[in-house]
Amino acid sequence: DGGITQSPKYLFRKEGQNVTLSCEQNLNHDAMYWYRQDPGQGLRLIYYSQIVNDFQKGDIAEGYSVSREKKESFPLTVTSAQKNPTAFYLCASRISGTGGNEQFFGPGTRLTVL
Amino acid sequence: AQKVTQAQTEISVVEKEDVTLDCVYETRDTTYYLFWYKQPPSGELVFLIRRNSFDEQNEISGRYSWNFQKSTSSFNFTITASQVVDSAVYFCALSEAWDDMRFGAGTRLTVKP
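Chains as they are written, first to last, in my numbering: chain A, 32 to 145; chain B, 121 to 233.
Isolated chain A, as found in the complex (with noise of 0.2 Å):
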């Protein structure tokens, strides 16, 4: 079956580490994304990439990092200096182009900091 998929589901750090999230697509979409998503509030973006070794940063980019090394892989590094990095992530891919093709979205990844 073709999706997204995303791990692991929820995701506990201490205070001052870096934890990454995984996010792969076997749906052969050559963009991605990463949002972030806070109770009450619509998705905000992290962090996008329209091929692969490119990516460029969203709306909240600060305290995160990616890579896009291969087409299907597009993970989420969650650093230290990210504030306050309790959120539900969502990763997404589309088909690149027009902005007329939608995103398919991934389960998503809880984080908590304790």
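What the hints contain is simulated information worked out from the structure, not anything from laboratory work.
Just to be clear, a hint being listed does not mean it is correct.
What the hints assert, rightly or not - When the alpha-carbon atoms are kept at most 30 Å apart in a straight line, the in silico DSSO-like pairs for lysine-lysine are as follows:
(1) A:K114 - B:K136
(2) A:K40 - B:K232
(3) B:K232 - B:K136
(4) A:K88 - B:K158
(5) B:K123 - A:K88
As the list claims (entries may be wrong) - Computed footprint of chain A on chain B, listed as stretches where at least three residues anywhere in the stretch have a Cβ under 8 Å from a Cβ of chain A:
(6) 154 to 163
(7) 166 to 173
(8) 220 to 226
The beta carbon of each residue, even a glycine, is placed where N, CA and C say it ideally should be.
Please build the complex by placing chain B on the supplied structure of chain A, with the hints as guidance.
Coordinates of chain B only, in the frame set by chain A:
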């Protein structure tokens, strides 16, 4: 800059009632796309519909219908005869021709039995 407003933060209805979720958008582009997504308690966003700015025809899919009006910059979503399984957070989103998606804050719909 593009912007999406979902003024209704939470809506609660009783099963079988009709409910309309409002979405108002702002854009300077003439070519743009509007989307609705459903986020059930599991967390994954589920795509419901896409409309482009050149197609103002309303659409119906089962109990779901969408009303796109460029004159009022609105793209409202109506659920007819709501069911408990419709309980979720619903997001409206806007994407300009070569830009990425911008989401509204979402409307939490609770359907009570």
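Hint by hint, here is what the structure shows:
Pair hint K114 (chain A) plus K136 (chain B) does not hold up; C-alpha atoms about 45 Å apart against a cutoff of 30 Å. Straight-line distance between C-alpha atoms of K40 (chain A) and K232 (chain B) comes to about 28 Å, which keeps the hinted pair within the 30 Å bound. With a C-alpha separation of about 9 Å, the suggested pair K232 (chain B) and K136 (chain B) falls inside the 30 Å cut-off, and the hint holds. The straight-line distance between the Cα atoms of K88 (chain A) and K158 (chain B) is roughly 26 Å, inside the 30 Å bound, and the hint therefore holds.
Our distance criterion of 30 Å between C-alpha atoms is met by K123 (chain B) and K88 (chain A), whose separation comes to about 19 Å. Counting residues of the segment 154 to 163 of chain B whose beta-carbon sits less than 8 Å from any beta-carbon of chain A gives 4, enough to reach three: the coverage restraint holds. Check result for the segment 166 to 173 of chain B against chain A: holds, 4 residues qualifying (beta carbon to beta carbon below 8 Å, three or more required). Only residues whose C-beta sits within less than 8 Å of a C-beta in chain A count toward coverage, and the segment 220 to 226 of chain B has 6 of them, enough to reach three; the restraint holds.
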